[in-house]
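Chain by chain, the residues:
There are 2 protein chains.
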Amino acid sequence: MADKIFRVNMNDLSVTIEDVPSAWQGLGGRALTSAVVAAEVPPTCHPLGKYNKLVFAPGLLSGTRAANSGRLSAGAKSPLTGTIKECNSGGTAAQLLARMGIKALILEGVPTDNRLYGLQVTVNGVDIVPADELADSGNFTVVEILEKQSGKDCGLLSIGQAGERRQLAANISVKDPDSKFRSLGRGGLGAVMGSKGVKYILIDAAGAPKSIALADEEKFKQAAKTFAKALLDHPVCGGALGAYGTDVLINIVNEVGGLPTRNFRSGQFDRHEMISGEKMAEIIESRGGKPKHGCHAGCVMQCSQVYVDKDGNYITSGFEYESIWAMGAHCCIDDLDLLARADSIMDDIGVDSIEMAVTIGLAMEAGIIDFGDGPGFLKLLQEVKEGSPLGRILGSGAAVTGKAYGLTRVPVVKNQAIPAYDPRSVKGIGITYCTSTMGADHTAGYTVATNILKSGGFVDPLKKEGQVELSRNLQIATAAIDSTGLCIFVAFAVLDNEAALPAVVDMLNARYGLSLTIDDVTALGTSVLKTEHAFNQAAGFTNVHDRLPEFFVDEKVPPHDAVWDFSGEEIDEFWNF
Amino acid sequence: MADKIFRVNMNDLSVTIEDVPSAWQGLGGRALTSAVVAAEVPPTCHPLGKYNKLVFAPGLLSGTRAANSGRLSAGAKSPLTGTIKECNSGGTAAQLLARMGIKALILEGVPTDNRLYGLQVTVNGVDIVPADELADSGNFTVVEILEKQSGKDCGLLSIGQAGERRQLAANISVKDPDSKFRSLGRGGLGAVMGSKGVKYILIDAAGAPKSIALADEEKFKQAAKTFAKALLDHPVCGGALGAYGTDVLINIVNEVGGLPTRNFRSGQFDRHEMISGEKMAEIIESRGGKPKHGCHAGCVMQCSQVYVDKDGNYITSGFEYESIWAMGAHCCIDDLDLLARADSIMDDIGVDSIEMAVTIGLAMEAGIIDFGDGPGFLKLLQEVKEGSPLGRILGSGAAVTGKAYGLTRVPVVKNQAIPAYDPRSVKGIGITYCTSTMGADHTAGYTVATNILKSGGFVDPLKKEGQVELSRNLQIATAAIDSTGLCIFVAFAVLDNEAALPAVVDMLNARYGLSLTIDDVTALGTSVLKTEHAFNQAAGFTNVHDRLPEFFVDEKVPPHDAVWDFSGEEIDEFWNF
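Line by line, the protein sequences are chains A and B. Residue 625, in the numbering used here, is where the first sequence stops; the numbers in between run on with no holes. Residue 625, in the numbering used here, is where the second sequence stops; the numbers in between run on with no holes.
Treat the hints with caution; some may be incorrect.
The list makes no distinction among identical chains, and a pair is therefore deemed to hold if it is satisfied within one copy or across any two copies.
To be verified - Pairs of lysine to any residue residues, derived as SDA-like cross-links and limited to a Cα-Cα distance of at most 25 angstroms, are as follows:
1) Lys578 with Thr590
2) Lys578 with Gly616
3) Lys98 with Asp602
4) Lys98 with Arg313
These are calculated hints, taken from the structure and not from any lab test.
Build the full structure now, drawing on both the sequences and the hints.
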């Protein structure tokens, strides 16, 4: 059965199932969401209006037994940044959609009423059902109610209160194998889903094949084995990430002076050990939580965890370095239990934990609460949950909060909050923040790998030399990886193990009966970036939007007293390819 | 004594007095503020940061006896729009500064402490004095306290609570001859003044000549007489504006279906007569207020008024059509007494009455209060005054409020609220909103004159033909007039009376000993626009920012069922000169 595209029009509540146009047949994940958005969404449209579309697409390898291939991409014009946007996430949805032969699910239009709907996706199509009874529910309530109706095996995408309110920091939650959530986090795609009146998308794979048909079973098996071995052999993929989660980075990034502290006033947090991955592992082990956990079937890295309280009760999972940094060092809060509770609340409300916590750091900058005030942090999340005026401000993210309070030290690029690596002392990531097609986004070209972790060589993080090229190469590679459905953490193995990338290409060829080369994969990444960049230019973005806020130029950050010292011309060189 | 430029650096609290560079000697008002901003402010800087500058400049004819020549220009990079900005206002400051030989007063830098300062400007320079005791005071308190110290003859520029809080809707108030306020209204320049820690600028002209030295006294006298006669002979300048104020437009614009009602859902307000200029004149006369009032000495039009309550007590003055429209038809409130009180509160807080009232209409759109809820309107102004979270949102203007509440019907161009003429049914003004160098601004090229009032001919407001050229010609002429210090309302006479423009040129020549031609004045206007446009392009604005929100394209507005039907290419033709 050939893959199909499912379209849901929320204006007239109609559903159509289409063949995949030939131009899109070789695409998946980010390559496909960006192609659809670029082809069908007017770049200057209002992101919450009827012309925007929200596209979900499993990656090219999703649904297969390829290790770590369960990522789902979501794309749209972002209401936060105004740029094109792709997010990807683990959880079970991508694998289910792929098995069901759904190449993409495209939500179009906005309802003519103010009602809330649920979409129930099966192999036969999509039922659009009323969901008013779930209005103002958090994601945990949504999953609980829907699993009672549909069982634990269903896939689920949902939005919390923030998405319903079309808040710019709203994310889309993706159910994981334990009925907890991963997130299509950044850029406010939850607001786009909310604008379309869709509270949830339930995925019921009944009747779908149990496995994906492969053009060459044996070749796939061999390549998958090589690939999995490359992951397991790597000290990051097969070691540190599983042992300590992504939070292993706290001590490492602090050590090199790149851990933004107190709203980017320092690159080191004196209490970094209190929020480190090592500390987290110690707490989890002492309380009987799970130090390792996968966000989707087939993950061999297990960078997630189950964080429990002193009585062994679940608090949160998917408790990531960037979220912990934002709540911790950025806001100067050192209580990991409190951060875990806050993380869970953000999952429930459905807000991007980076955007939200960076924004609360700005609330501290504005004097609404003090830096270090953990209970105050929780109180502000409650405001967001309730949709109070203050919650409306904070739920709109860092840039809006900066405007409402007249702040000048607002760490954003294209209105998206700068994440967990100081661009002055990790200069490669600064180039990625500037030039990423979707605002400040560390995942778009994770130079931290080479700047700090010395994966794929070493480029000195404090020097300008080589950073533009490094960021460009990684952004191209990432755009390709984001299209395969593979987790971005496979990049460590790809950078350091010569067998890894050929194995990925072999898996693609064996899956689809193609004869792609490594160059073809690079070309795909290049094409994705250029498509996205062209969309942004048509939306009114120019090279001067590829800049960091001026305080990074003016303020030296300890311990290296580093400043952001790239000229505009040097940054603009990024797009010269 | 040659004119000087006074510079005040708020970073080190220093003052310098400079000769006027030759390139700026022929400039005044808007031409000068825009030249200074373009030359000295980095286009991509943070508008509330240390690199922005706030420039005040009297017009080229300010301080002379030329009728209606008392306008003061203020310029900066706007925190609301991100573009270059020029506002101009009546009041007494321009004439005082001109008499004191102050060609421009430039505020630079931001304080290193959080203190509040006052600037006391004399012929000898500027004293920077602490003003902490005025923190959180409204403008009426500021003027009362300062006049006690310095007498009624002082000039005064000040900011209210909104400016201190660096709110994007904050304006700068300019004292008029009766110790009430006119406003440098749009674009949030009050926030720029607040960011510089300057609560007020007191102007003490002691020691200055009583009159401006003229190169040719007799020629000036003749030209001024001709000019004043042209104004007085014109039915708008010498008739309607004095009789009914600018609010005379309510019935006229309603009649042609261009009065935006209920957040741009209709072009007619069923209760328009209740808020009309005719009604206002009737009320004022019956209560013993003043139907005519000038905002500066030498005004022959007297379009202002003193609006009083039933007991004859002052409520407000400078009670303009655009403010009354925004509070009235836009918000569906028909109680002129309530609107007058709201107008006075906005003067006191120091917010742009257009931006603020359009924004409160969006609060109605969001369901915070109902359309038509006058007491609710006053309550929301109280929130702005207090700086509550809701007040912070509303004080940030229409675009931020739209984001915080996830609205799609947000009438802004370049983040500035669209004023009192529906661009679908008055198409020329739509071209001005799109292409103005400072966001949606009716004064930048007031095509209403020709589209509706048939001044300078007639261009059918409902047809596309001729609108781009009309807007362009008026924007060029306006940029020139805004540089002379003449009130924009002189344009009616200039458009309809062949003697008016030559008289303006003669006055300029007689003032400065020049031999300018009409073409030189047009060239000045062209040059101003091009300077401003170049600044905006360097700040990251492109042609796609020269567009109306999509709902103007999609929604027909009664009674004509008009839509905004210009293509991008047609709009972009504007800059082809």
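Here is how each hint holds up against the structure:
1. Lys578 with Thr590: both (14 angstroms within a copy, 19 angstroms between copies)
2. Lys578 with Gly616: For lysine 578 and glycine 616, both the intra-copy (20 angstroms) and inter-copy (24 angstroms) Cα distances are at most 25 angstroms.
3. Lys98 with Asp602: between (42 angstroms within a copy, 10 angstroms between copies)
4. Lys98 with Arg313: between (41 angstroms within a copy, 18 angstroms between copies)
Of the hints listed earlier, there is not a single one the structure fails to meet.
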